[in-house]
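My request is simple: use the sequences and hints to build the entire structure.
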Amino acid sequence: MRDSDLRTYFDNSAAIELGRAFRHLNRTFSETLKLHGLSPLHATMLMELWRQGPLSVGALQRQMSLASSSLSGALDRMERAGLVRRTPSPGDRRSFVIEPADWEAERKQAVLDTLLETEDDFFEPLSSSERQQLLTLLRKIAKRSP
0 MRDSDLRTYF DNSAAIELGR AFRHLNRTFS ETLKLHGLSP LHATMLMELW RQGPLSVGAL
60 QRQMSLASSS LSGALDRMER AGLVRRTPSP GDRRSFVIEP ADWEAERKQA VLDTLLETED
120 DFFEPLSSSE RQQLLTLLRK IAKRSP
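Using numbering that gives the first Met the number 0, you'd call the opening residue of the sequence shown number 0 and step up by one each time.
Treat the hints with caution; some may be incorrect.
[What the hints assert, rightly or not] Within a straight-line C-alpha distance of at most 35 angstroms, the following computed DSBU-like cross-link-like pairs (lysine-lysine) qualify: (1) K139 x K107; (2) K107 x K33; (3) K139 x K33; (4) K142 x K33.
Please keep in mind that the hints were generated in silico from the structure rather than gathered at the bench.
Here you go:
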């Protein structure tokens, strides 16, 4: 690939821009969630558990689109930090169910408020219809993911 082709690729690549936007968003969430002792991944996993209730490890892995090793490491860290509990699955003692640890309502609301405010600030340059369009397009791409 010639230098001019490389420049053209980088200047017009949706993948490059999406990656750049993700890294910026992840840094932004990392900073704001530090106040709550959470990483963006841990906060996202907690949100999923708060939204759906206890989940099997496999179901959480599918919801989070994470490799097994990444999920296991994150769950180990979260369990050590007292953020989640692993309990034996009632239907299969060989597997586990992941549930969020008990959170005071005020602490949970503070995390939710931080997430919403950070997201609103990050996407402030977009109109509400642009945000909806972006969400629709991202979901369309995500449906193709394994």
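Evaluation of the provided hints:
1. K139 x K107: Within the cut-off at roughly 30 angstroms; holds.
2. K107 x K33: Holds. K107 to K33 sits at ~14 angstroms (cutoff 35 angstroms).
3. K139 x K33: At roughly 31 angstroms apart (the allowed maximum being 35 angstroms), K33 and K139 satisfy the hint.
4. K142 x K33: With a Cα-Cα distance of about 31 angstroms, the restraint between K142 and K33 holds, given a limit of 35 angstroms.
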